[in-house]
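J.: Quick mapping for you: the protein sequence lines, in order, are chains F, E and Z. In terms of my numbering, the numbers along the first sequence are unbroken and rise by one, the last being 470. In terms of my numbering, the numbers along the second sequence are unbroken and rise by one, the last being 564. In terms of my numbering, the numbers along the third sequence are unbroken and rise by one, the last being 956.
Take these hints with a grain of salt, some might be off.
[To be verified] A few chain F residues facing chain E, derived, Cβ under 8 Å:
#  : residue
1  : E32
2  : A34
3  : P45
4  : G49
5  : R51
6  : H52
7  : R56
8  : D99
9  : T104
10 : Y118
11 : K146
12 : G150
13 : D247
14 : R388
15 : C424
16 : P459
Simulated from the structure, these hints should not be mistaken for laboratory data. Since we're looking at a predicted model, the values are computed, not measured. Beta carbons: idealized from backbone N, C-alpha and C, even for Gly.
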Amino acid sequence: MHDVAIVGAGPAGMAGALQLARAGLSVVVIDEQARAGGQIFRRPPEEFGVRHGQYRPYGWARDLIEDFEEHPLIETRFRQTVFGILRDPEGQISLAVSDGQRGTRIKARRVLLATGAYDMPVAFPGWTLPGVMTAGAVQSLLKSQKLLAGRQIVVAGSHPIQLILAAQLLEAGADLAAIALARDLPGFLEMARTLPAIPGNVSIFTEALRAMAVIARHRVPLLRRTLISAVEQTGEGPLRISLRKVDAQWRPVGTAREFEADVLALGYGFTPSTELARQAGCALSWHSAGGGWTVQHDDNFRTGVQEIFVAGEQTGVAGAGRAHAEGLVAGQAIAHSLGVGADPLEVNRAQALLKSSERFAGVMQTMFEPNRTALADLSHHSATVICRCEEITSGQLEDALTCNPFLTSASAAKLECRTGMGVCQGRYCEGTVAARIAMHHNTQIAQAGHFNAHLPVKPVPLGAYGDLDH
Amino acid sequence: MANFHRLPVARGRPVRFTFEGAPVDSFAGETLATALLAAQVGAFGHTREGNPRLPFCNMGTCFDCAVQVDGRGLVRACLTDVVEGMVVNMQEIK
Amino acid sequence: MTAHFDTIIIGGGLLGCATAWMIAREGGRVLLLERDQINQHASGSNAGSLHFQLEYRMIEGGLDKARKAAEAMPLHLDAAELWADLPRLTAEPIVVKQTGGLMIAETADQVRLLEQKTEIERAWGLDNRMIDRAGIERIAPYLSDRVIAAAHCTTEGKADARTAGPAFARAALAAGAHIRTRSEVRALSRRGRGWSVVAGSDESPQTLQADTVVIAAGVWTTRMGQMMGADLPTIPLALMMTVTQRMAPLIGHLVQHAGGRLSLKQALDGNILIGGGWPARLLRDAEGTPDFDAKPQLEASSLAGNARIAMGVLPRLAGVPALRSWVGTTTITPDQLPLVGPVPGCPGAFVATGGSAFTLGPSFAQALAALVAGRQPLTDLRSFDPARYAKG
Ligand SMILES: Cc1cc2nc3c(=O)[nH]c(=O)nc-3n(C[C@H](O)[C@H](O)[C@H](O)COP(=O)(O)OP(=O)(O)OC[C@H]3O[C@@H](n4cnc5c(N)ncnc54)[C@H](O)[C@@H]3O)c2cc1C
Ligand SMILES: Cc1cc2nc3c(=O)[nH]c(=O)nc-3n(C[C@H](O)[C@H](O)[C@H](O)COP(=O)(O)OP(=O)(O)OC[C@H]3O[C@@H](n4cnc5c(N)ncnc54)[C@H](O)[C@@H]3O)c2cc1C
Chain F
1 MHDVAIVGAG PAGMAGALQL ARAGLSVVVI DEQARAGGQI FRRPPEEFGV
51 RHGQYRPYGW ARDLIEDFEE HPLIETRFRQ TVFGILRDPE GQISLAVSDG
101 QRGTRIKARR VLLATGAYDM PVAFPGWTLP GVMTAGAVQS LLKSQKLLAG
151 RQIVVAGSHP IQLILAAQLL EAGADLAAIA LARDLPGFLE MARTLPAIPG
201 NVSIFTEALR AMAVIARHRV PLLRRTLISA VEQTGEGPLR ISLRKVDAQW
251 RPVGTAREFE ADVLALGYGF TPSTELARQA GCALSWHSAG GGWTVQHDDN
301 FRTGVQEIFV AGEQTGVAGA GRAHAEGLVA GQAIAHSLGV GADPLEVNRA
351 QALLKSSERF AGVMQTMFEP NRTALADLSH HSATVICRCE EITSGQLEDA
401 LTCNPFLTSA SAAKLECRTG MGVCQGRYCE GTVAARIAMH HNTQIAQAGH
451 FNAHLPVKPV PLGAYGDLDH
Chain E
471 MANFHRLPVA RGRPVRFTFE GAPVDSFAGE TLATALLAAQ VGAFGHTREG
521 NPRLPFCNMG TCFDCAVQVD GRGLVRACLT DVVEGMVVNM QEIK
Chain Z
565 MTAHFDTIII GGGLLGCATA WMIAREGGRV LLLERDQINQ HASGSNAGSL
615 HFQLEYRMIE GGLDKARKAA EAMPLHLDAA ELWADLPRLT AEPIVVKQTG
665 GLMIAETADQ VRLLEQKTEI ERAWGLDNRM IDRAGIERIA PYLSDRVIAA
715 AHCTTEGKAD ARTAGPAFAR AALAAGAHIR TRSEVRALSR RGRGWSVVAG
765 SDESPQTLQA DTVVIAAGVW TTRMGQMMGA DLPTIPLALM MTVTQRMAPL
815 IGHLVQHAGG RLSLKQALDG NILIGGGWPA RLLRDAEGTP DFDAKPQLEA
865 SSLAGNARIA MGVLPRLAGV PALRSWVGTT TITPDQLPLV GPVPGCPGAF
915 VATGGSAFTL GPSFAQALAA LVAGRQPLTD LRSFDPARYA KG
């Protein structure tokens, strides 16, 4: 039995683990990736002969990773998936964990969920074609596998990270056919002006400004107020990517322009990975600017399930600095709940970090909130696939909504037309389904609710179940 | 054709495995997703309706990269390292 | 919409929706009130097995109990006929496959139990026959060779629990019924010769009138009874189910086990459904009162136990990815017979619940439709009278 089990070794999980280990508590950290770092600090594998990757502009990352990897009280289990949270008849909580073949349970007095976020999916005609990828996929292949996705690439999105990605790709030798941003550039410049008001924040935004210079130097067409509308491909030929001018509400104006590329990298924002929290019974709340459904928690980052705490992107997507700060505070709160007080200096430092990151995150979130209705409307052609796994189209969903006028929630739609019942467990269609239901019934997205999450939150072989009572 | 290619950096020792019966050359430390993409494999698998799929998220959530490894189904290529002699096939049914 | 109806149905599971359809197609003005969405509780989370032979839970307690449970056989026989006809009658794409069910045995004791059980069932008119190992190899070669015999009931099978409830709801709408979701019934009282029903949200409750009311509230039945001052005893049962990734067609039957909790079948989409009555844990308050509004918790022992018994009879399942394990809550009764009939002491109020009420939903609905219309139901309901416990 461990004092604390942490899911996720990103900035939030690592920061939490260190706080707990320094308080003398035994910690186990489980992550399905090969190494610590999380999504933002994905590193090349050990076999490539380097310990660290490129963490700019997060100066603290290197130390955090080294301290985490070297602390004797932190046990790590990489390449293992936490597929559920269980409670014994006696009330003891445990994580169900699988290495892809067998299953096991890890018992702990407290659990910290630091599972991060994934790129927000956007369904439009052609988004399932090979070569259409998330920005995160293109970026992580580059950062950690040193694989360049495509010679000719189009980057489309609305998040400042798109600019950073574009610069990274250019520096790696890619040829960018276009960068399409759904917003106007002044949004970014305004952002720059607010920065000095937020002291001490080296951020993805300063990095975005640096990236702009790289983009300008390479003379890549930077299309503003331009949204993806469709992708087509004939045979093995290149992707033909249609980009459309939009107004301030992201509504199409004018005709589409077509670009050819091998790869399309999409980044319209992030969706918090809340499925373990949902499965365990933690309540969620709707926070569109924070990425959609986020996990409810108190000031100590404790959820409604008393042993379970959350930190990082699941509380609202707010970047690495914020995730790091939340990890520190949650770690201290967990230690405190187990009767171990933290060094007051450390507590002050963590609270100060939390406070400054909060202001920055607030500005970021409101400025870069995706226009969910406009994005969901990209799937309005009835043949557009909305559920990648079960290949359910928006036409099938609309038919179900029309034939079943009593059907007004995302989970009822899932049951009726199988959207979200496939192997990704609904992660890639939930947002589109809820937004389409809201459009259909002229209500708010939050009213359509979210899918329920079940064990296993990621599929595991049935054989892994057979081990769970040992 | 998606045109994925390795950047010239130091990699691990050579590792050879098979995909759909054909040999694939890769390097230790690479994921199956990287190795197959670099080999310009056009599809890791097909959906029930026969549509080809390549990795979409590369972070373990979308399952579009799932393959069969040594007989085990639904293995995410983006989270699995290449191993000498590994037998990789497309999923029977998605 | 008028605020007066012939019948108000409380609950939008399979039973409520099927009853609304049956009443509406006879011309009754009917309103269905569902506090959540249609088909989100037991009816949308069950295994979809069409059980006509006695199930494991009915035989595990010995032959006397099995004989008692067999008194519900007339309802099962009705259901077997009704399900086959429902797609045509409702003009809705309800998926029903009656390709046969096997209750399998791995030991000589289990074989003997099956022999005795099929004898009881045949006496009630159910066609359920023993087949030996050779028979199994012929019709169910997918089963492990540990299986030595089985009871084969050709009318058993499955229906799609995912879509059957809404299909009945659509048929009810087409026949003129009204359906209101997100409409909780908060109070029920006798008013003149009919019933007054308060429903809706806390902020804007609405009072509706009806000549008759039907309680189709599943696990909330006992609570609805309390609202009306009637004793409707049920035993809540939280259960778990697992579905796997899709596979090529493999399992053609509904498979159950004579020596343990197992139901195994392949859905039309290719996914394998695994269940059989493995318990989940109901959340309870300090006094031990279960909270039906909270999701029951999965038990590690059930996840493991259900997987093991399934892998035991079909070893290749061990490598098949599990996609979801979910929980649902249903009702059984102390004597394993359903409650179907008038609510004791409440004229004009009727109820049905208990047991495999997905299978039996259409039979219950048919009986309820007759009762609200003041007709004698086709099947003798005396054994299922909700007043039987009070009578002692
Ligand atoms: C591709 C990508 C690029 C980003 N780039 C930036 C950027 O440049 N700047 C910025 O500020 N933010 C960026 N973000 C946002 C980023 O998520 C956060 O800033 C930061 O990484 C969040 O830290 P975290 O600790 O909350 O989660 P993460 O760093 O995402 O860590 C979560 C970890 O949990 C693991 N995990 C999740 N579920 C399970 C499970 N069930 N079992 C086992 N392990 C599990 C994951 O493998 C992952 O390693 C990016 C996000 C993504 C997805
Ligand atoms: C996991 C599992 C597996 C099962 N497997 C099978 C099987 O294979 N075969 C089989 O035949 N049976 C099976 N059953 C049993 C079967 O599911 C139930 O008997 C059947 O679905 C009951 O249907 P119902 O419509 O009566 O109840 P439900 O489907 O539970 O519907 C009751 C409805 O009443 C509503 N309600 C409650 N109170 C109020 C109120 N105050 N106001 C308004 N609405 C209200 C609820 O919201 C709910 O929607 C299984 C059950 C479970 C849980």
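J.: Are the hints correct? Go through all of them and say.
T.: Hints, verified against the model:
{"no.": "1", "hint": "E32", "verdict": "holds, 5 Å"}
{"no.": "2", "hint": "A34", "verdict": "holds, 7 Å"}
{"no.": "3", "hint": "P45", "verdict": "holds, 3 Å"}
{"no.": "4", "hint": "G49", "verdict": "holds, 5 Å"}
{"no.": "5", "hint": "R51", "verdict": "violated, 13 Å"}
{"no.": "6", "hint": "H52", "verdict": "violated, 14 Å"}
{"no.": "7", "hint": "R56", "verdict": "violated, 18 Å"}
{"no.": "8", "hint": "D99", "verdict": "violated, 11 Å"}
{"no.": "9", "hint": "T104", "verdict": "violated, 17 Å"}
{"no.": "10", "hint": "Y118", "verdict": "holds, 5 Å"}
{"no.": "11", "hint": "K146", "verdict": "holds, 4 Å"}
{"no.": "12", "hint": "G150", "verdict": "holds, 5 Å"}
{"no.": "13", "hint": "D247", "verdict": "violated, 29 Å"}
{"no.": "14", "hint": "R388", "verdict": "holds, 7 Å"}
{"no.": "15", "hint": "C424", "verdict": "holds, 5 Å"}
{"no.": "16", "hint": "P459", "verdict": "holds, 6 Å"}
Violated hints, in rising order: 5, 6, 7, 8, 9, 13; the structure is consistent with all others.
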